[in-house]
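Peer 1: What follows is each chain in one-letter form.
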Amino acid sequence: MTTTDKPTQENTLGSPSPDEPGAQTLTLSVGPQHSGSGHMRLIVELDGDIILNAEPDPGYVHRGIEKIIELRNIIRSIPVIERPSIIDASNLNHAWVRAIEELQGVEPPARGQYLRCLLNEMNRIMSHLYWLSIYGVFLGHTTMFMWPLGDRELFIDLAESLTGARITYSYLVPGGVRRDLPQGFAEEAIKRTEYFEKRLDEYENIFFKNPLFTSRAKGVGVLSRQRAIELGATGPTLRGSGVEADLRKDEPYAAYGELDFKVHTRPDGDSYSRVMVHVDEMRESSQLIRQMLKKLPSGPVRRKAPIVVPRGEAYSRVESARGECSFYMIGEGGDKPYRARYITGSYRNMAAISAVLQGVRLADMPTSWWSIDYWPVEADR
Amino acid sequence: MSLSHEREDNLIKSLRENFPTDIKDATTVRRSRINITVSPDKIVNVALFIRDKLGFDHPTGVSAVDYNRESRFEIVYHLTSIAKSDQRDILLNLKESVPRNTPKTTSLVKVWPGVENFERESIEMFGLQFEGHPKPEKLFLNDNWDGPPPMRKEVRFPTD
Amino acid sequence: MSAQKPAQSDDPIELLADSMNVWVGKLSDLVHKVVDTEPIRNVINWARMYSLWPVNITTACCSAEFGAASGARHDLERFGVLPYGSLRQSDLIVIEGTITKKMAKRLRMIYDQMAIPRYVIAMGDCAISGGLFHDSYSIVNGAHEFLPVDVFVPGCPPRPEALEHGIIMLQEKIRSSKVYPQS
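Chains as they are written, first to last, in the numbering used here: chain C, 1 to 381; chain A, 1001 to 1160; chain E, 2001 to 2183.
Rather than coming from a laboratory, the hints here were simulated on the basis of the structure. The beta-carbon is built from N, C-alpha and C at its ideal position, and this holds for glycine as well.
Just a sample of chain A residues kept apart from chain E, beta carbon distances all over 10 Å, derived: (1) PHE1019; (2) THR1021; (3) SER1071; (4) ALA1083; (5) SER1085; (6) ASN1093; (7) PRO1099; (8) GLU1154.
Okay, derived cross-link-like pairs now, DSBU-like style, lysine-lysine, Cα gap no bigger than 30 Å in a straight line: (9) A:LYS1138 / E:LYS2101; (10) C:LYS336 / E:LYS2101; (11) A:LYS1084 / C:LYS249; (12) C:LYS336 / A:LYS1153.
Which residues of chain A face chain E? A few of them, derived with a C-beta cut under 7 Å, are: (13) ASN1142; (14) PRO1150; (15) PHE1157.
Please put together the full structure from these sequences, using the hints given.
Peer 2: Laid out in structure tokens, this is it:
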């Protein structure tokens, strides 16, 4: 099944086209109380069952975080900036502490950098597994809902033994990380990642090579390469349209400059490509965790850093699970930033929603829309 | 990976050659970070040049900052480059300042379509006006929000 | 028996209808009293508490732990909790996380559309008191400001075990409540 930019007019039942007199389009409101919408609303204009125009209506989870972080000091703001993408908290935390460290001129010790990347990669796997399980809810595939959530608990246990919390870690602070690895962590993590890669092979057969899934996802919701670039898309949405852009390779930060990994892209730009980019990234992250545990240097994990935001401006960029997360921080001395602009991956991908959904059938809407991994809480902040 | 600023300095040189009088300020802050400041009436031409000739086609975001002690707002466009693979890490900040009592400037949606949502957020959060913006409506705030623009510095909300 | 006649009327059918109204009302009171006694009340409460079907609405970030609680390791379905799409056939609404003013209006609309009996669980610190974002300009400080809450589950976010404890508390509350408490 192919989709073009304009909806195809299949006039087999004699239905009127929108140009004929007396014809009307139907405007539907999908969400927020809907099993296929998440915490936002989509205003969908339909001709028959083909979507002419789909506009997102965000703001249902807008908590005014940018105003809150101007009122609290930089350590008390860490839980606040972690909450937008709670399943991917340490990547957002990493962007925050990098902005502060750039202004202060502090560089964490090497072991601290590796532990930061370790938690980031575990978070990437956890976030992609949660995304995959909600994809199962949207498709009506109950096994795709249960299996990823069960395998996600493997990594939640590891993170809990490392940081003390299941999903909201607050583990990265300016100057390093809060604690070192517990005893026996490395062996347990290596066992779990090897088991997880075997599970990913099982996922291939039952989820991704399944003709029921491929017929629903291939060729549906196409985002062309040119459109993805000019709309500012980022993360797996951009890489699924054939653009090889990953901040861990383009502007290596923390320990990524010393690690060996591939950036996965797919050329077609449809929902299936984006899903497979996510799966390839999970496999790559699992291999990265083992690599980091082997190469882990010794030494302290934290350097002393004052609770102050010096005068100046800094822009930090981190590759989170959904794309680039960045802070544009302006300091004026004192312990609070003067302005901390927070741009997340989902906020940038919001622009791609209408482009992806144009010309898609209403029944395919959850499949295509969730494949860009738009997390409404992260976009609204 | 060398730490020289050669690519960044070449970009600034090419910009200054083409717009000898319009660029108020152009600096290489550090490796991979460039700041360009122009005045609001010249920004569209500079933006088109940056997109087409310098290859910065990927908009990363738009920020608005309230410098209330200097009575101005500063609007910063953050841009990166996908077209040229040797400058993938460079982030270019294109800045413009508007006075606080008449915060009006031209929208750059025609240059980079991806800045639409960011400009829309700045309209509702700071009370700015972008001429030519296709949809200057509320994005995140409540439909019947009747308070002041929340992100302005003098606006404080009572804490419970 | 004293039926109240607002005005004297000569129409015999109207007189008959008025007195039948009173008898049907008394019969309904009798049925309520009979049903609300021990054996029948226990059966009805047993059916209600072991099939609490929540509405498909996610409020904010606690939805990640609600999702994890419904998943493979902490299975909520063994308590009878199964998210259901239709509002009129659900009986539970779980307020997961921060309530913005924009979402509060819709939550109240959803609660009003649900059929009685309906229960509310406020999950997370933000739904109890505003939590981490208590000084934000766009949120409502707690679900109890506009909804009658049955169980509060604290935590930021609460662990799945805490949510299960909250559901068990709600089940205990239903077990010991009347069949017709709400009108």
